[in-house]
Amino acid sequence: MGELTERIAPVAPGAAIIEVEDLVKRYRKGKTNAVDGISFSVRSGEFFALLGPNGAGKTTTISILTTTLIPTSGRVRIGGNDVVTQASSVRRQVGIIFQNPSLDMNLTGEENVRFHAVLYGLYPYRPQFRLMPTAYRQQVRELAALLSIEADIFRPIKVLSGGTRRKLEIIRSLMHRPAVLFLDEPTRGLDTNGRRNLWEYLRGVQAAGTTVFLTTHYLEEAEAADSVCIINRGRIVSFGPPSRIKAELVSEHVLIDADDRDRLRAELATRGVAFAETPLFKIKLDGRSAHQLLKAIDTPLSVVAIHQPSLEDAYLSIIGKIDD
Amino acid sequence: MTELGPVLAIAQRDLMKLLRDRPRMVTTLVFPLLLIGVLGGSLQANLGRHLGFDFLAFTFTGVFGQTLFQTTAQGVISMITDRENDFSQEMFVSPISRYSIIVGKILGESLVALPQAVAIIAFALIVGIRASAAQFGGLVVVGLLICLLGGAFGILVLSNLSSQEMAGQIFTFVMLPQFFLAGIFNPIKVLPPYLNILSRIAPMRYAVDLGRAAFYAGRPESARVVLDSPVVDLAVIGGMFTVFLVVGTALFVRSERNR
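In the order they appear, the protein sequences are chains Y and V.
Under the numbering used here, the letters of the first sequence match residues 1 to 324, in that order.
Under the numbering used here, the letters of the second sequence match residues 1001 to 1259, in that order.
I should point out that these hints are in silico values taken from the structure, not numbers from a laboratory.
All values reported here derive from a predicted model rather than from experimental measurement.
Quick reminder that beta carbons are idealized off the backbone N, C-alpha and C, glycines included.
Misleading hints may appear alongside valid ones.
If you want the ones that stay clear, here's a sample from chain V, every Cβ over 10 Å from chain Y, calculated [said to hold, decoys possible]:
1. A1009
2. F1053
3. V1093
4. I1096
5. F1136
6. E1165
7. M1166
8. L1191
9. I1201
10. G1218
Pairwise CB distance ranges (calculated) [unchecked claim]:
11. R75/Y - R1254/V: 27 to 33 Å
12. G37/Y - R1254/V: 53 to 59 Å
13. Y218/Y - P1115/V: 45 to 51 Å
14. R177/Y - S1162/V: 34 to 40 Å
15. T192/Y - P1115/V: 55 to 61 Å
16. R28/Y - P1115/V: 37 to 43 Å
17. N193/Y - L1144/V: 29 to 35 Å
18. V1038/V - N193/Y: 54 to 60 Å
19. W199/Y - L1004/V: 47 to 53 Å
20. R1254/V - R177/Y: 28 to 34 Å
21. S1162/V - L146/Y: 36 to 42 Å
22. N1160/V - Y218/Y: 38 to 44 Å
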């Protein structure tokens, strides 16, 4: 097996494992750039989320990073290897869960996993599970137990649920212990329970040192990311930890109301507190504490709510501004 | 680096697909038998005595070559379905060589086609076509070469396709004329010059002719049926296989990555 089973030494924890410089992709029949000069880097062991609306360039970016698409210009390196000139080395370092299921429906779950294991040179080819080396059989059983699909792994893919299929794809993508796991909208089509189970498992994968690169539509999934990159129309519009993106783009505010609204309106005006009626009175905190603000108001209040900005607020704010 | 394991895994996948699809198994076996029985039988009854050779055996050897060539080519073209189902991505993101992927696919589709060879030979025996064990054995060996050529031809066609609908249209266009240019049912020993040129560039001609050379070896009607020396057929098949495989794989990989 030789070269196929060689493991690429992962980069030092915290060092850049994905480096993207001025990446541009224009499809042959495209009139505009699908990806238009983006640059970013991802540190080893990081949980990185690429966000953006449909057509923003997420799948194009992930396809280039995983060597299935050639960029028009720019440079991408994974673990120091160029995705165009050293594609084979890159492929050994990455695992991928595609946006659309990529299992062979004619095979069983285990046959799909075995196909992958042999393709990556992890185990010698054998036509049946029982003829495979003990180490393989043990690894498959352990992974199936971890994801609670022991009963399903030997059944044809056709009869399995969407959630079980996704789990199988994860088992498969981790067989060769990739340094980077790419997930292109992995929870699409899964129910709430399926999504939760998947995330519990992926957190374990990241904790074990694998860099996780995610594209998603579900913004709450990106809240836990170390870094978030928001792209729109092929360009980066925001980049950084979720807390920073939220702080920069959406201010914390309180919502209050009173039975005597005229009195409250007059008092806020007198005290020089800026507000907007939405129809509740919305007051930006701008560094003040909510307690400080509320203590200063004499009008009896009937509603008090403190709004903590979410990544979704930030995202909508960014995308909304651009689309306007 | 040895990539035999991955090649065999890709090949086994295709065989498993066939074995688990019973309707497909029945149709792939029945169609060539219909061609031989109905077409070969009727032509033999009406034209056989004027030709100086048994038309049923002529059709049998023609359909034998055509079936294996076409089934393998068609199977390789089915990669377009994989591409549309996203299964091909799983293969194309793996670290193995692109040639190993294509060779595995050709080998797999050859394994799918070869049971047809056995069924056709069994049918030939049932309808009274007689030959020595060595001649039938030679035919099976040639059958494998025909499959490899058909597979390489398939990858060349596939490299120029962008969708499954297009595959259906193009396949008929590139395959049907070869039925006649390769002389599956029609003798082509004598052809007008323009048809002779077209026949000589049709890959299926050499596949069918090599099969007939194996079957008719040592028989008096060989000179009336076999077109070229087996050495010529083998050389052309080897050359076409190499060119189709290299050019087809390069074009296919380019079209996959350079969209």
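Hints and how they fare:
1. A1009: violated, 4 Å
2. F1053: holds, 43 Å
3. V1093: violated, 5 Å
4. I1096: violated, 6 Å
5. F1136: With a cut-off of 10 Å, F1136/V remains clear of chain Y, as the shortest Cβ separation is near 28 Å.
6. E1165: Holds, since 17 Å exceeds 10 Å.
7. M1166: holds, 15 Å
8. L1191: holds, 41 Å
9. I1201: Per Cβ check, I1201/V is outside 10 Å of chain Y; nearest 30 Å; holds.
10. G1218: At about 39 Å from chain Y, G1218/V clears the 10 Å cut-off, so the statement holds.
11. R75/Y - R1254/V: 27 to 33 Å: Distance hint for R75/Y, R1254/V is violated at roughly 20 Å.
12. G37/Y - R1254/V: 53 to 59 Å: Once the Cβ atoms are compared, 24 Å apart, the range 53 to 59 Å for R1254/V and G37/Y is violated.
13. Y218/Y - P1115/V: 45 to 51 Å: holds, 48 Å
14. R177/Y - S1162/V: 34 to 40 Å: holds, 36 Å
15. T192/Y - P1115/V: 55 to 61 Å: With a Cβ separation near 47 Å, T192/Y and P1115/V fall outside 55 to 61 Å, so the hint is violated.
16. R28/Y - P1115/V: 37 to 43 Å: Once the Cβ atoms are compared, 41 Å apart, the range 37 to 43 Å for P1115/V and R28/Y holds.
17. N193/Y - L1144/V: 29 to 35 Å: violated, 51 Å
18. V1038/V - N193/Y: 54 to 60 Å: For V1038/V and N193/Y the Cβ distance comes to about 58 Å; the hint holds.
19. W199/Y - L1004/V: 47 to 53 Å: For W199/Y and L1004/V the Cβ distance comes to about 39 Å; the hint is violated.
20. R1254/V - R177/Y: 28 to 34 Å: holds, 31 Å
21. S1162/V - L146/Y: 36 to 42 Å: holds, 40 Å
22. N1160/V - Y218/Y: 38 to 44 Å: With Cβ atoms ~40 Å apart, the hint holds.
Of the hints listed earlier, those the structure fails to meet are numbers 1, 3, 4, 11, 12, 15, 17, 19, in rising order.
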